[in-house]
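Engineer: These protein sequences, in sequence, are chains G and F.
In this text, residue positions in the first sequence follow the numbering used here: the first is 1, and each later residue adds one.
In this text, residue positions in the second sequence follow the numbering used here: the first is 1, and each later residue adds one.
Keep in mind that the hints were calculated from the coordinates and are not lab data.
Keep in mind that a hint or two might mislead.
[Unchecked claim] Selected chain F positions facing chain G (Cβ under 8 Å, derived; list incomplete):
id, residue
1, 69
2, 76
3, 85
4, 129
Values in this document were obtained by computation on a predicted structure and should not be read as measured data.
Quick reminder that beta carbons are idealized off the backbone N, C-alpha and C, glycines included.
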Amino acid sequence: MVELRGKYAIAGVGLSRFGKVPGTSTMGFTLEASKRAVEDAGVPMSEVDGVLVLMPAVMGEQHGWAARVAAYLGLEPSFCTTLDMGGATACGAVQVAMAAIEAGYCSTVLCAFATQNWPQGVPLQLFGSELQLAYGDVGAMCLMGHIKRRQQYEYGLPDELYGRIAVTWRSHAQRHPEAQMRKPMTLEDYFRSRWVVEPLRLFDCCPNTDGGGAIVVTSLERARDLRRPVVRVIGAGQSHSAEMIEPARTAREQWGGTAAARRAYSMAGIVPNDLSCAQIYDAFTPRVVHDLVAYQLAAPEELNGAFANGTFTFGGRLPCNTAGGLLSEGHLSGFGHVREAVRQLRGECGERQLPDAKLCLVTGYGGAPHEAPPTVSYSALVLARDV
Amino acid sequence: MFTIEKPLPRGTEDTAPFWEAALRGELRMQRCSSCGHIRFPPATLCPRCWSETYEWSLLSGKGKVFSWVVVYQSQHPAFNADTPYNVAIVELEEGPRLHTQLVDCSLEEIRLEMPVEVVFEKVRDDVALPKFRPRR
């Protein structure tokens, strides 16, 4: 296999405005985030010859979405495609970008995503299969509820753990002026929040977010010529599985994402203990539990104590989701996580800057939780400060 | 008043035999003729050995609750009036798991690993949904 470790870099990152932003468009956010990322990188727009765009689910079936984004940006890419791994796409797109550059298809790749949750001119889609919709099993929340139920049952995890995750990330968002959810939250607030899909409380769930993000990937040599501190991609991995319904086994037997973790760590040549921080894909609190275990960052039985004693917050052993995560920064399908990781490694995070951040893990998760079988992709990046 | 109907299965080449069996009061899934694996969801080939030959095998209808959730905030207008309602995943004695709903028990009575058996709820002349009730 061709060795890609450290040959490529994330040269630029950007987010559009985000939050509840009515009257805006998906394309508008995509262009806004793309411009910010390319300007952040400091490359001329004419140099962008690869475009990878995540299909926003709410748009339904949009043909040629990535090519349309490129057209609106006035680009004529030599490599351009729409990607469809949901929340696994931000990390996955970086991996595809590296492979495409290595293959010689392009040299500088823009990876982008945006969504407007109430788009005009697009009929609302009802996702799901005939094997579950008839029972009222609709949307991602039912699957996440099932996952939380099994986690708690198989590992004896207490409700407090999930509350502590939500409360910890919320405290991080208070150091992040752009975050969507900044109101202080206590464990009591968490327990008072209503059931949405039991066992998920409202504060187990991220908000709906309008907005987008973008990432610019280029060669290490090119990145070193640019004005920003360089962030190298030293590890990348993905894995894919069906969950809950055959052919998935129990959580214990088949802990989805462990293969993505193994691949990313192996490519990076690191062990989990080497990490300075992590950005965990957390559209729902059970995802944090899942990835902390799958990525060998904690054992299930340690988690509640670790959140209680500050292991995963500022000053702890492994600060995670330093911008508040999807749960509090907002749901930008993981593009927020990549931006936060890059900015931590560059030392640009102001009041939430970690001292001496060298290595950051970013995880992604997404796909079709509302199908039978629920099918999801896991993706991960290991990013390193260039020295 | 305008009402939104629940999305009921129409069946496809792959799934129609499953729904037709349910209408007759039978729980049937595909058993691979090559390796014997019973698969679900229905599909034209076996995910273990890719054999395309199979028979629609009659199952015991017995299983246990693998997971359940209670929907308080409806995600589809046709289910608004049903909230709070349960959605469950049942693991059958023969191995496969399926999305379903638990009936003949209150939300408070539901437990993980609770033994259940299939019942068929006729929701329209031509559609019956396999649901599960506690085995007592």
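Engineer: All the hints need checking, so say for each whether the structure fits it.
Structural biologist: Against the structure, the hints come out as follows:
1. About 4 Å separates the beta-carbon of residue 69 of chain F from the nearest beta-carbon of chain G, less than 8 Å, and the hint is met.
2. Because the beta carbon of residue 76 of chain F sits about 5 Å from the nearest beta carbon in chain G, less than 8 Å, this interface hint is met.
3. Residue-level restraint check for residue 85 of chain F holds (minimum Cβ-Cβ distance to chain G is 6 Å; threshold 8 Å).
4. This hint holds: residue 129 of chain F has a C-beta 6 Å from the nearest C-beta of chain G, less than the 8 Å allowed.
This entry satisfies every hint, going by the numbered hints stated previously.
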